[in-house]
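Dock chain B against the given chain A, drawing on the hints supplied.
Protein sequences, first through last, are from chains A and B. Residue numbers are given in this note's numbering: position 34 of the first sequence equals residue 34, and the series is strictly consecutive. Residue numbers are given in this note's numbering: position 156 of the second sequence equals residue 1156, and the series is strictly consecutive.
In case anyone wonders, no lab produced these hints; they're calculated from the structure. Take these hints with a grain of salt, some might be off.
Unchecked claim - Far from chain B by the CB rule (all over 12 Å, computed), these chain A residues:
no. : residue
1   : Arg13
2   : Lys17
3   : Asp20
4   : Thr21
5   : Lys24
6   : Ser26
7   : Arg35
8   : Gly51
9   : Cys54
10  : Ser72
11  : Arg73
12  : Val76
13  : Glu78
14  : Arg82
Claimed, not checked - Only some residues are given here: those of chain B computed to face chain A with a beta carbon under 8 Å:
no. : residue
15  : Ala1057
16  : Ala1061
17  : Asn1158
18  : Leu1181
19  : Val1185
20  : Gly1188
21  : Ala1195
22  : Val1211
23  : Met1216
24  : Asp1264
25  : Gly1267
Glycine is no exception: its CB is placed at the ideal position from the N, C-alpha and C atoms.
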Amino acid sequence: MKDEPMSRAENIRFEVKILDTGEKFSCSASDHLLRAMLALGRKGIPSGCHGGGCGVCKVKVTRGTFTSLVMSRAHVSEEEERDGIVLACRVMPTSDLEVEVVGKLKKAITRPKAFGLV
Amino acid sequence: MGVMRIGHVNLRVLDMDAALGHYMNVMGMKETHRDAAGNVYLKCWDEWDKYSLMLTASDRAGMNHIAYKVEKDADLDVFKKRIEDYGTAVEIVPAGTLFACGRALKFNLPSGHEFYLYAEKEFVGKDVGVTNPAPWPTDKKGIAAHWLDHALLMCELNPEKGINKVQESTDFMMKVFDFHLAEQVVVGPNQDIKAATWLFRTSTPHDLAFVGGPVMGLHHIAFFLDEWNDVLKAADIMAMNNVKVDVTPQRHGITRGYTIYFFDPSGNRNETFAGLGYLAQPDMPTVTWTEDQLWRGIFYHTGEEAGAFTSVYT
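So that you can see chain A by itself, here it is in the shape it has in the complex:
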């Protein structure tokens, strides 16, 4: 096998820029965007289940390349995925990235609650 040793691959880091806030953080090739952002104390992408199930960390990758894990079709359709819309908790960068938070869910979790819970 001529593959790069895992330890070296894990050390490659890329820069991720959140276009909405201008916030930047670095993310290793073996980590997902959301965990890297939170581990560095950065904010910008809503954080939820970290398993591709809840859909709250939906972003559009506008520049760069990445690999991704399975994510819920209830939140990302095949068409959206083709357009670069993904869940940040399922995405590992293979280059520097620029991402936009997808608006609807961002609003849903920051909207003031009128009746305590909703």
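Relative to the frame of chain A, chain B by itself:
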């Protein structure tokens, strides 16, 4: 006569191997069956029926159905009539429709959640047996939760449009199945909108809970632990296994339980719930939490919204 307890939950998972790693190695459940369709059935060491969790591979997370066990087969006939008299559609599905279960009633709660009642499920036994048993099994893994304790279902709540599925589902469970209301959260200008309810049939404060949200879904399934030190160790085990923890060990004001919220690898929220809370009895007065104190009720120490508690569910 009557509903005894939560029987099982059927969860959808995005990656079966990852899900089994979580429920077996972290939660400590054991696989008891795998069917031709690839569904996997699991039980906790202190449970005696064949399974309390059914996992189904899917392209989306969430819950397919929830099932409760009634005491006697004849109860199903009584409940079928009561459900029909309430004006809700119900069918009897034959034995085996639910794996390893007898005939069952199938219907939807007013919230839309698919619900089953059954009286019989294949007996397997506790891991420690029934003759001079050890207090816990020596081959336990991970957190080694005792049993599936309860579920919290999110129900559509939109007071501006007059929609309150928390109220409707609560009324349904109380009037049709004799569930008792242990605690409730009331909100709105007149404090008359039920935004969340905790209902019981056992002697603990909740076997089922409803909370209002924008859309229906599964908020969490909870597994029982004995006491506070088990909660601490459970959180340690979650960290060792890189489980995404939503809310670290805390006390609930509501139910008084000791809790951790966390997510399975597909994003379905789990809870470990420890302690009795208190002895719940049918004649107990309902506890009410007002809108200004609702977060004190949910997370007692901080009294504030934590994690992604109401905004994130499957």
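Which numbered hints turn out to be false for this structure?
-> 7, 8, 9, 10, 11, 12, 13, 15, 18 and 23
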